[in-house]
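Q: Residue-level listing of the chains:
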Amino acid sequence: MEKYWIRNNIRRLRFNNNEMTQEQLAEKVGVTRQTIIAIEGAKYSPSLELAFRIAQVFGVPLGEVFSYTSEDEPA
Amino acid sequence: MSYKEKSIAISLVSYLMILGYYLVQVRRMIQAGGLVASELFVLWAVVIVATILVNILGNILASIVLAITHAIQTGSEQVERYVEDERDRLIDLKGTKIAYITFSIGVFIAMLTYMLGQSGLVMFALIIFFSSLAEIVGSISQIVLYRRGF
Numbered sequence: 001m002e003k004y005w006i007r008n009n010i011r012r013l014r015f016n017n018n019e020m021t022q023e024q025l026a027e028k029v030g031v032t033r034q035t036i037i038a039i040e041g042a043k044y045s046p047s048l049e050l051a052f053r054i055a056q057v058f059g060v061p062l063g064e065v066f067s068y069t070s071e072d073e074p075a
Numbered sequence: 076m077s078y079k080e081k082s083i084a085i086s087l088v089s090y091l092m093i094l095g096y097y098l099v100q101v102r103r104m105i106q107a108g109g110l111v112a113s114e115l116f117v118l119w120a121v122v123i124v125a126t127i128l129v130n131i132l133g134n135i136l137a138s139i140v141l142a143i144t145h146a147i148q149t150g151s152e153q154v155e156r157y158v159e160d161e162r163d164r165l166i167d168l169k170g171t172k173i174a175y176i177t178f179s180i181g182v183f184i185a186m187l188t189y190m191l192g193q194s195g196l197v198m199f200a201l202i203i204f205f206s207s208l209a210e211i212v213g214s215i216s217q218i219v220l221y222r223r224g225f
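Protein sequence lines correspond, in order, to chains W and Z.
Residues 1 to 75, numbered by the numbering used here, are exactly what the first sequence covers, in order.
Residues 76 to 225, numbered by the numbering used here, are exactly what the second sequence covers, in order.
Treat each hint with caution, since some may be false.
Unchecked claim - Straight-line distance between alpha carbons at most 30 Å, and here's what the computed DSSO-like set of lysine-lysine pairs gives:
hint	chain 1	residue 1	chain 2	residue 2
1	Z	K81	Z	K172
2	W	K43	Z	K169
3	W	K43	Z	K81
4	Z	K81	W	K3
5	Z	K169	Z	K81
6	Z	K169	W	K28
7	W	K43	W	K3
8	Z	K172	W	K43
9	Z	K169	W	K3
10	W	K43	W	K28
11	Z	K81	W	K28
It should be emphasised that the hints constitute simulated quantities derived from the structure, not laboratory data.
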């Protein structure tokens, strides 16, 4: 079975949003900075609610923040 | 290191001290001729009460000490923003699960020793030992999960 994982574009989206810091994003979505670091590093998959809140902060659809791709596919 | 990690680390040190105290007392009893029921049950009470106090007072003290440390390090009187989020709760649950598994294995081993002919006091002594060990293993696993990301 092909292996899939959740990738994210949070770093790029933060950069495009006036270089928003991890701390600022954490405050906006109501989590700790460590959780944002873990999500960005693809070490922790957020709940659906948190994923929607992150997408809401950047004003983009969920699919633009997170993607479910196979190992070979580009992010 | 996040606030939560520091708080767990402080609890871990306390649990290690409680286990150390317990082992020293049990060793003293064995050297004096063997386990004595009255002393062992007092020791059991001490360990349980100390563990409960560590859980309650430890958290309060940790908050105070960490707030003071934060104020000294940053030079600001503003309290560090702390929220317990979904990742904290999941790590907490995983740590508790690992602690329960450790304790269950410990109780099984303790009962096995009784079945194999050891006295009931040995079984009780082992149950206390594994309850303390379970708290330590649970705390260590939480710290590892925080360090790894999840």
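Q: Against each hint, give a clear statement of whether it holds in the structure.
A: A quick look at each hint next to the structure:
1. K81/Z / K172/Z: Holds - the C-alpha atoms of K172/Z and K81/Z are around 21 Å apart, at most 30 Å.
2. K43/W / K169/Z: Holds, at roughly 16 Å.
3. K43/W / K81/Z: Distance of about 21 Å is within 30 Å: holds.
4. K81/Z / K3/W: Violated, at roughly 36 Å.
5. K169/Z / K81/Z: holds (18 Å)
6. K169/Z / K28/W: Cα-Cα ~27 Å, so holds.
7. K43/W / K3/W: Satisfied, since the Cα-Cα distance of roughly 16 Å is no more than 30 Å.
8. K172/Z / K43/W: Holds, at roughly 20 Å.
9. K169/Z / K3/W: Given that 30 Å is the threshold and the Cα spacing comes to 25 Å, the pair holds.
10. K43/W / K28/W: It holds: about 21 Å lies between the C-alpha atoms, which stays within 30 Å.
11. K81/Z / K28/W: Within the cut-off at roughly 24 Å; holds.
Hint 4 from the list above is the single one not met by this structure.
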